[in-house]
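Undergrad: Assemble the whole structure, with the sequences as input and the hints as a guide.
Chains as they are written, first to last, in our numbering: chain S, 1 to 723; chain E, 1 to 420.
It is worth saying that the hints were derived from the structure and are not from the lab. Incorrect hints may appear among the rest.
[Claimed, not checked] Lysine-lysine pairs mimicking DSSO-like chemistry, simulated, CA-CA at most 30 Å apart:
no., chain 1, residue 1, chain 2, residue 2
1, E, K370, S, K713
2, E, K243, S, K638
3, S, K33, E, K373
4, S, K520, E, K27
5, E, K38, S, K638
6, S, K640, E, K5
[Said to hold, decoys possible] Using C-beta positions, here's what the derived DEER-type ranges look like:
no., chain 1, residue 1, chain 2, residue 2, range
7, S, T612, E, A206, 36 to 44 Å
8, S, N546, E, A206, 31 to 39 Å
9, E, R211, S, E421, 33 to 41 Å
10, S, T427, E, K189, 50 to 58 Å
11, E, A206, S, K346, 56 to 64 Å
12, S, P694, E, R211, 54 to 62 Å
13, E, K412, S, N188, 51 to 59 Å
14, S, D90, E, R355, 40 to 48 Å
Idealized CB from N, CA, C, for every residue including glycine.
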Amino acid sequence: MEKKLIVKDLRISFKTVNGKVQAVRGISFDLNKGETLAIVGESGSGKSVTSRAILGILAGNAIVEGGEIIYDGKDLLKISEDDFHSIRGDKIAMIFQDPLSSLNPIMRIGQQLTEAMLLKNRANKSESKRKFKLSMELLLNNMNAATAQEGHDKAVINAKRIKDFQDFEYVHIEHEQKYNAAYSEAQNSLEDINNLLFEIEKNAVKDIIKSCAEITQEASRVFNRFVVEEGKTDLKEKINVLKNAAKDAKKLKNNSGCVEILKDIKVILDQAVARPKPNFFSLGYYLKFVNPEIPATEDTEEINRMTRKLLDEKFMLEFISEAQKGIQHSFDVSIENKKKAIEVLKDKRSSFEHIVQPMKFYMQVAREMTIAVEKGINRLELIKDSNSYVFGSNLRSAINYYYVRMRKNIAEASRFKKQTEKHNKLTAKGKTPDWTIVPADIIDLDDARDNILKIIDNLIAHNEQKILNEGNFDSYQGTIDLIDFFKEKASGSVYTVTPKMAKQTAIKLMEEVGIPEPRKRYKQYPFEFSGGMRQRIVIAIALAANPDILICDEPTTALDVTIQSQILELINNLKIERKLSVIFITHDLGVVANMADRIAVMYAGKIVEYGTAMEVFYGPRHPYTWALLSSMPDLDTKEKLEAIPGTPPNMIYPPKGDAFAQRNKYALNVDFEEEPPMFKITDTHYAATWLLHPDAPKLDIPKVITDRIARMKERGDMDDAKQ
Amino acid sequence: MQNNKEVILKVEHLCQYFKMGPTYELKAVDDFNIELGKGEVFGLVGESGCGKTTTGRTIIKLYDATSGNVYYKGQRIVAGIRSYKDKIKSEKKRVEDEIEKLREEEKLGDSGAKEKIKTLKHELSKEIAAQKENIKLAKIDQKKCDKIYSAKLVSQLKAELKEKREQTSNQEEIEKLEKDYALKIQIAKKERLVNEIQMIFQDPIASLDPRMTVREIIAEGLIIKGIKDKEYIDERVCEALEKVGLVREHANRYPHEFSGGQRQRIGVARSVIMNPSVIIADEPVSALDVSIQAQVINLLNEVRNELGLTIMFIAHDLSVIKYFSDRIGVMYFGKLVELATSDELFAHPLHPYTRSLLSAIPLPDPVYEKKRKRIVYNPIAEHDYSKEQPSMREITEGHFIMCNTEEFNKYKKQLEAEKK
Numbered sequence: 001m002e003k004k005l006i007v008k009d010l011r012i013s014f015k016t017v018n019g020k021v022q023a024v025r026g027i028s029f030d031l032n033k034g035e036t037l038a039i040v041g042e043s044g045s046g047k048s049v050t051s052r053a054i055l056g057i058l059a060g061n062a063i064v065e066g067g068e069i070i071y072d073g074k075d076l077l078k079i080s081e082d083d084f085h086s087i088r089g090d091k092i093a094m095i096f097q098d099p100l101s102s103l104n105p106i107m108r109i110g111q112q113l114t115e116a117m118l119l120k121n122r123a124n125k126s127e128s129k130r131k132f133k134l135s136m137e138l139l140l141n142n143m144n145a146a147t148a149q150e151g152h153d154k155a156v157i158n159a160k161r162i163k164d165f166q167d168f169e170y171v172h173i174e175h176e177q178k179y180n181a182a183y184s185e186a187q188n189s190l191e192d193i194n195n196l197l198f199e200i201e202k203n204a205v206k207d208i209i210k211s212c213a214e215i216t217q218e219a220s221r222v223f224n225r226f227v228v229e230e231g232k233t234d235l236k237e238k239i240n241v242l243k244n245a246a247k248d249a250k251k252l253k254n255n256s257g258c259v260e261i262l263k264d265i266k267v268i269l270d271q272a273v274a275r276p277k278p279n280f281f282s283l284g285y286y287l288k289f290v291n292p293e294i295p296a297t298e299d300t301e302e303i304n305r306m307t308r309k310l311l312d313e314k315f316m317l318e319f320i321s322e323a324q325k326g327i328q329h330s331f332d333v334s335i336e337n338k339k340k341a342i343e344v345l346k347d348k349r350s351s352f353e354h355i356v357q358p359m360k361f362y363m364q365v366a367r368e369m370t371i372a373v374e375k376g377i378n379r380l381e382l383i384k385d386s387n388s389y390v391f392g393s394n395l396r397s398a399i400n401y402y403y404v405r406m407r408k409n410i411a412e413a414s415r416f417k418k419q420t421e422k423h424n425k426l427t428a429k430g431k432t433p434d435w436t437i438v439p440a441d442i443i444d445l446d447d448a449r450d451n452i453l454k455i456i457d458n459l460i461a462h463n464e465q466k467i468l469n470e471g472n473f474d475s476y477q478g479t480i481d482l483i484d485f486f487k488e489k490a491s492g493s494v495y496t497v498t499p500k501m502a503k504q505t506a507i508k509l510m511e512e513v514g515i516p517e518p519r520k521r522y523k524q525y526p527f528e529f530s531g532g533m534r535q536r537i538v539i540a541i542a543l544a545a546n547p548d549i550l551i552c553d554e555p556t557t558a559l560d561v562t563i564q565s566q567i568l569e570l571i572n573n574l575k576i577e578r579k580l581s582v583i584f585i586t587h588d589l590g591v592v593a594n595m596a597d598r599i600a601v602m603y604a605g606k607i608v609e610y611g612t613a614m615e616v617f618y619g620p621r622h623p624y625t626w627a628l629l630s631s632m633p634d635l636d637t638k639e640k641l642e643a644i645p646g647t648p649p650n651m652i653y654p655p656k657g658d659a660f661a662q663r664n665k666y667a668l669n670v671d672f673e674e675e676p677p678m679f680k681i682t683d684t685h686y687a688a689t690w691l692l693h694p695d696a697p698k699l700d701i702p703k704v705i706t707d708r709i710a711r712m713k714e715r716g717d718m719d720d721a722k723q
Numbered sequence: 001m002q003n004n005k006e007v008i009l010k011v012e013h014l015c016q017y018f019k020m021g022p023t024y025e026l027k028a029v030d031d032f033n034i035e036l037g038k039g040e041v042f043g044l045v046g047e048s049g050c051g052k053t054t055t056g057r058t059i060i061k062l063y064d065a066t067s068g069n070v071y072y073k074g075q076r077i078v079a080g081i082r083s084y085k086d087k088i089k090s091e092k093k094r095v096e097d098e099i100e101k102l103r104e105e106e107k108l109g110d111s112g113a114k115e116k117i118k119t120l121k122h123e124l125s126k127e128i129a130a131q132k133e134n135i136k137l138a139k140i141d142q143k144k145c146d147k148i149y150s151a152k153l154v155s156q157l158k159a160e161l162k163e164k165r166e167q168t169s170n171q172e173e174i175e176k177l178e179k180d181y182a183l184k185i186q187i188a189k190k191e192r193l194v195n196e197i198q199m200i201f202q203d204p205i206a207s208l209d210p211r212m213t214v215r216e217i218i219a220e221g222l223i224i225k226g227i228k229d230k231e232y233i234d235e236r237v238c239e240a241l242e243k244v245g246l247v248r249e250h251a252n253r254y255p256h257e258f259s260g261g262q263r264q265r266i267g268v269a270r271s272v273i274m275n276p277s278v279i280i281a282d283e284p285v286s287a288l289d290v291s292i293q294a295q296v297i298n299l300l301n302e303v304r305n306e307l308g309l310t311i312m313f314i315a316h317d318l319s320v321i322k323y324f325s326d327r328i329g330v331m332y333f334g335k336l337v338e339l340a341t342s343d344e345l346f347a348h349p350l351h352p353y354t355r356s357l358l359s360a361i362p363l364p365d366p367v368y369e370k371k372r373k374r375i376v377y378n379p380i381a382e383h384d385y386s387k388e389q390p391s392m393r394e395i396t397e398g399h400f401i402m403c404n405t406e407e408f409n410k411y412k413k414q415l416e417a418e419k420k
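TA: Below you can see the structure in the form of structure tokens.
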């Protein structure tokens, strides 16, 4: 199965006045496409921090101490804020816990829904333009370098090719945009007609003749553009029909005529919308270099075939073969440079093993390494080689982090000294003070140095991998990908989302999430919505950008059963329809059973049990999972609930050994001494508890849970029997 | 209902309407009837906005009821006047219509009509006077039920004192007695009947004043009651803290120093210190983590067993309600639609709304969950009340359901079929 998101050994802390709170302490999981992963745990177990790290919205005092979050080949912890803009909201969206506080009370719902669409479009436009131009230049340079021995003439030809490509690409995009806009307008007016017909049927329209005239006029305008863009002549007659219809509608005296006209328009528009889409890429070339008039054929297929052939013969095949050379050249150079970079990295790595010099020296070394690494980047690669890109800034910040510890903080040091003295005095008297010493600094030097070395090692491994894959490089495929990339960027730089289009999308979304009368609701304020409806709006906003991954942070905790079940159904349906991957964060195990394919149980910043929903519910192995399951009543519970005693530990001083040991009645002696590793139970089921060690005493699952599982199985059998 | 038990709280035709604009009224609670026996836990469920919380708040007099009565230990504590006013209005209209008819008859030459009109008018004025008397009584009860109760207490104490005085002749003892009773009477004067009904609020964070220490929060009720003895208050506060599983040292801390579960414990301590006999718990666990929910539910169970409390438990989590309550009432848009013991309700839900509610409960069982089908409740499609309005009917012993005759027969057949 395709892995959408991989989290490896993530460690996050928060700097506070009392010391360092270790919120997440090395968790790893992955998320497959179209799957729901539930993260379960008490509040303060680090669930939300994990999800916020994925989305890059950690609080200001957060320190990412290590780990990787890999999405789409990029490490989200290390990419720049600018790059994150294209991922956050677009690719990874989040539904927040509290629908009251995550909506803006003084903005209308519609505005809030469309805000992101409009802003994103504006940002995307300038970004696409820049990238398009830059990559065009890079390609030209590489093409010239590849054919350097063929002389100056070749370079001129190359430049002309690139120029031609750019020119007709813009023509293509322009036409395609116009077509698409007209197409969606045609669909909208079809919808309008349908609505009007429906309303007429219900006798809900006051002035049928007027609205009919308006719609007819609008339809004829839209149709006019639509047809012209497509270049059909036969349909032009129909425009006249429509125009006449509009005039007729104004003259009409009774309503029955209107319905006739509307139905006629509907038929015409339906036909137009159903026609095949022309190939605008080849049509663009034709329009630019052959004939600025659209060929007057009726058959779209025919136009497509003709223009395609023309394009291939006159331009495309040559262009591809030339571009291929350039791409191959760029790749070869980058591999050469990578090999050199590895040497530099390996050479300089040793100086970080024992850090003795002042910071300036290491910064200089880091700079040299960065230059070497950046030379090795194949800039024509479409998916960014993010590891190499961020290597420099990463390394420098890691070195800086190391030296923060070295700076003398006199006030802090004297406080620490005083506190230790006081503590020692008290303990000498035989008292045990109820407070603990706040550590003088929050950075572990060995850890910080390891981080530096890890960054270098990672990059060496990364580059070696690339060199190993050298033979597999297919320059033809690379060229096709590159052309697709150009097309995408060109369309991005032209594509405009108008407020009208955004509104249409927003209303469709509102319908999708089950809000009745979206057109009316669009203009309302959040306070006019009930809790469930507000949560739906939040979901609609999250879905507005069509994300890959949806993070739901306790989306139903504030809602009651009926609404909760509606919202869960909605998320489940959307997941199937849009093939979303969902990370579902909650403390309610009942909710999880409905949603999750896999479950990760978190406690004190660590995953303590990890498995499929069936495994966790029918064969839980960790005492914390037992405690969670037995602390919630189900419909047959009669006996006293087994609450988990106490509260989660203070993560400034994480307890030694198993963090759950103090609240665990099944704790072994070893739990207080040493941290349990993850024990494998099946291929998909893991749990971190010493109880699974072969030497551990045999312990049965508590009776409450076995009883419950027995009941569940019984119920399942009964249901099967019924069917 | 549980006849063998002493009825401690009785709610009759309770209505609470809110004005929404000049003409429209929101019927938050409409004709709510319930009798709570001593030591019983009554669970009230329904979706948000159906009037559960309003019911609780009206009973404890946080709102003035529109109409209907609430009796606590036989004393009326809540009395609305709308129903009497409506009666006067309808009566007036009826009589006026009749008089109109009679007048026309008189014109036609019916001699007896005049006489009839006179008697009608007389009856009307009598009726109005009776209703006005009702209104007056209701107003007195609504405003002064506490004072009536404390006056009763004071007079009782005075009588006791008199009795004891007559028994002894020792001057010193008499002085001591008088001193004792002076304090008791002082407390009794401030004794409020409604104090015996206490509320636990939903949000443990918002319901505690962040600028008061836990001691001040818990003792506030006692201080308002007029107790000035600091040692006595401290003693009671510590007692209450220990009762809810906190320790004495916590008294001097501020609410923000506690976790969610501990805060809810403070909320419980605050209501327990007033020695209540009825507690209205308004979603006490909805805002808490699962593990802490269990702690609070266990705590409520202990307190209830220890003090013999009657609890009205308002929640939307059906598993918790099922676990905790003896009887359950299901509310839908201000009306009680089904009322039964909790086992009966979950085994044989009859009203379509109850069925839809039960079908929405999530359970920690993936196999069951994947199969679970939510039933959608649409009142317009389910009921046809054009011929006959529904009313509360008893279908089996202790199982009430809101329906009309046609539906009643249908449900009865359904129940019989299910029981087979």
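Undergrad: Going through the earlier hints one by one, which of them does the structure break, listed in rising order?
TA: Violated hints: none; all satisfied.
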